[in-house]
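Trainee: Protein sequences, first through last, are from chains A and B.
To get my numbering, take the position in the first sequence, counting from 1, and add 32.
To get my numbering, take the position in the second sequence, counting from 1, and add 18.
Misleading hints may appear alongside valid ones.
[Claimed, not checked] Straight-line alpha carbon distances no greater than 20 Å define the calculated EDC-like cross-link-like pairs of lysine to aspartate or glutamate that follow:
#1 A/K180 x B/E224
#2 A/K286 x A/E479
#3 A/K233 x A/D490
#4 A/K81 x A/E239
#5 A/K81 x B/E224
[Said to hold, decoys possible] Derived, one-sided and incomplete: chain B residues facing chain A with beta-carbon distance under 10 Å:
#6 Y209
#7 M211
#8 A212
#9 A218
#10 E224
#11 V229
#12 G230
#13 R234
#14 G288
#15 N307
Calculated directly from the structure, the hints in this document are not laboratory data.
Using N, Cα and C, we set each Cβ at its ideal position, and we do this for glycine too.
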Amino acid sequence: MSEHLLELKNIGKRFGGLVALDAVSLSIKPGEIHCLAGENGSGKSTIIKIMAGVYQPTDGEILIDGKPVSGMTPAQSVQHGIQVIYQDFSLFGNLTVAENLALNTLLLEGRRAVNWRRVRALAEKALARLGVTMDLDADVETLPTSGKQIVAIARAVMADARLIIMDEPTTALTRHEVDALFSIVRDIQAQGIAVLFVSHKMREMLEISERLTVLRNGKKVAEGPISDFDEPAITRAMTGHDLTDQAYRWEQPKGDNLPRLDVRNLSIAGSLEDINLTLHAGEIVGLSGLIGSGRTELALALFGMNPKFTGTVKIDGNGVHPKTVQEAIASGLAYVPEDRLTEGLFLTQSIERNMLATSFDKFVRGLFIDRKKTAEATTSMFGAMQIAAPGPYTPVNHLSGGNQQRVVLARWLLTGARILILNGPTVGVDVGSKAQIHRKIRELATENGLAVLMISDDVPELVQNCNRVIVMHRGRFVDEIGPDVLNEDALNDRLKALK
Amino acid sequence: MTLFRRSEFIIACILFAAMIIIGLINPAFWSLDNLFGLLRSNVIIGIMALGVLVVMISGGIDVSFTAFAAAAMYLTIKLMIYTGYEGVFLPFVAATLIGLFLGAFNAFFIHTFRMIPLIVTLGTGSVVRGLLLGLVGTSVINIDKMPQQLIAFAKTDLVSLTSATGTNFGLTAMILIYLGLALVTHLFLTYTMAGRSIFALGGAPEAASRVGFNTRRTLFFVYCFAGALAGFAGLLHGSMIWLANPRDFAGLELDVIAAVVLGGASIFGGRGSVIGTLLGVFMLVMVKNSLIIMKVDTTWQRVVVGLIIIVATALTAWRDRKKLV
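Let the sequences and hints guide you as you build the complete structure.
Mentor: Structure below.
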């Protein structure tokens, strides 16, 4: 019996002329929690697919239990006890929890008939192994993300997994759910199952992993026990350079006391109660709280998507009550939604068209669009935002998450927004791009004089980029942390107190 | 599963309410004569609907099956007349196989070229209808030429009664074939892995192949099954009306799809049940039948069928979306 469950030795993978992986070695011991870190495009997904048998490596060797395995197919990978939980979970939303859990086993056994009593029994056993209870008859699509994840993990465990690979498992989870996930992971570890987290969220990796491997540009750049690393060290390994950690500070200029945004007694029956908020030009104010605290509702109300609010809203001293998105934009508001991919961007369209989507009105000459003016505006914006793409005509779906986010920001700058509301600005964005987006947001505040309201779950992000952070709970502002006392522990404590 | 039961329960309630209303407007509705007639009209649409149901669960759609039904009916009867064959069993096998074979074309195009099922089946339906009229013939085969064994078979009644006015009427035994096929389809969908693979494919195609379902086989099965049922129903239809018209069934695909959607199947795939479909078929046939009794013009019946599709689809889409929130 080998010491290692799975060993990859000098694995290389080329797609045509493109080198995706270059002599990467990675070893996983039975029952360990290992983390594979790397930015988007570092080769993480390629290596997952090699372990899952989806891709065959061009060079190198795979050893399982010390024995070399070549030409591994997905089915063989499963037989060796390797289970991959992809970000989309590969579950069937239209089927019940019980059936989702049992399908794999029935398929593996080569069954032709379905014995529903056995399906239930299998499902109960699978959930019992994780120590969770769940309504077996609920359709999976009715479950929250965390519930779907538990079903996916239970399914993997049930398939006699010895190694469970989880691709970005914490992306769509709240802090509370992440804790629950980690306790399940420790539980399955106790049953001798190894877990490989593939993630770019360093803080969470540090919390749970025992060993760490970092990839950058298809090469392994660091590995070792987690005690050898701290956050800056991982970031340096992932990005290849240090990222500034300077927190954002803002001084109220003397004499100018007219707030950019002034919200008084804003209420919406059932979701928001008596919200008072002032935002000055150049300020970046954080807004945090648990999911369902009303923070998104507040953003939507300001942005004209829920006009049924009471109270007053003033922008630069002028009262407004946006009833539609168009009115909100006209009065200088911009909103970048949480899910930029489904709500904010036209993926198959070019960067240029996406940038112009909300400001075509400004570039009209008679009945037609002034092509010259739009080209000038988008080209200069393309440069200013440092979007990594061949040119402004590249379709947005060819860009990385960070670059897509920049296209969204550019669009709002073109509308001449004075108040920018960001909802989860860097969800699903890797560390390097994240830092660049943060820099851009700060620049917008300091140089363009925007007032920014940043809604986020990411505590370090808020602490680093906001001059103050407001905590929301059950539709109210319950707390505000000012610049002198703003640090991660303080914010974490207040957020924990909400539970 | 509770949700499935619930939507079927709602359909059953609506059906029952509709029956009471129609009965109040026209008491003749509840006469055995009328009810037997209604059940008789269920048979052909119902058998076809079972095929469409399975296709819709898999996430696809089929509008070619009426053309396949016409082709299977006309070809089989032509062949019977040409060879002078006197039997019932083999012709039905032949018609079923013709439908199955044509269905395989649908699956082939959809699978090989990843084409949209609506476009593929619009195309194959048109080609098959055109070939049938162009190569095989356009003339209607009347009762005097129809194989008498087929007519005799389809005439079989379960119960025969005489009405007060002295006319004979009965409940056709063909309803047993329909219900038998429905039972088999239900058992197949619920208790076999092949049946569950159809739900899996309709729910999440990518995940279905990842967990190890043979999605190609499922896809072929689904369209062949729809074709086979259509072929069978085609010949049965000819036998029941003593007539083989190669132009028959035009526009019927909309009625059948309306019935399936009315029965709670999701147009997006992954949801649907045999019991719901039986109810949906009965409701559609009943509404159309009542319109005839109330002497509503046939053109207006098209309006009603169209509205039923829109309303039923809107309701299921609303149901599916509400669940996600």
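Trainee: If a hint holds in the structure, say so; if it doesn't, say that too.
Mentor: Verification of the supplied hints:
1. The suggested pairing of A/K180 with B/E224 holds, with an alpha-carbon distance near 16 Å, which does not exceed 20 Å.
2. Of the pairs offered as hints, the one joining A/K286 and A/E479 holds, with about 18 Å between alpha carbons and a cut-off of 20 Å not exceeded.
3. This hinted pair checks out: A/K233 and A/D490 have alpha carbons roughly 10 Å apart, not beyond 20 Å.
4. For the hint pairing A/K81 with A/E239, the CA-to-CA distance comes to about 26 Å; that exceeds 20 Å, so the pair is violated.
5. For the hint pairing A/K81 with B/E224, the CA-to-CA distance comes to about 15 Å; that is within 20 Å, so the pair holds.
6. Interface restraint check for B/Y209: the shortest CB-CB distance to chain A comes to about 5 Å, inside 10 Å, so the restraint holds.
7. Annotation: interface hint on B/M211 holds; nearest CB of chain A at approximately 6 Å, less than 10 Å.
8. Because the closest C-beta pair between B/A212 and chain A is about 7 Å apart, less than 10 Å, the hint holds.
9. The beta carbon of B/A218 is positioned within 10 Å of a beta carbon in chain A (closest approach about 5 Å), and the interface hint is therefore held.
10. Annotation: B/E224 was flagged as interfacial toward chain A, and the flag holds, the nearest CB pair being 7 Å apart, inside 10 Å.
11. Annotation: interface hint on B/V229 holds; nearest CB of chain A at approximately 6 Å, less than 10 Å.
12. Among the interface hints, the one on B/G230 holds; its C-beta lies about 5 Å from the nearest C-beta in chain A, closer than the 10 Å criterion.
13. The beta carbon of B/R234 is not positioned within 10 Å of any beta carbon in chain A (closest approach about 15 Å), and the interface hint is therefore violated.
14. Interface hint at B/G288: satisfied, since its Cβ lies 3 Å from the closest Cβ of chain A, which is below the 10 Å cut-off.
15. Hint status for B/N307 relative to chain A: violated, with the closest Cβ pair at about 33 Å, above 10 Å.
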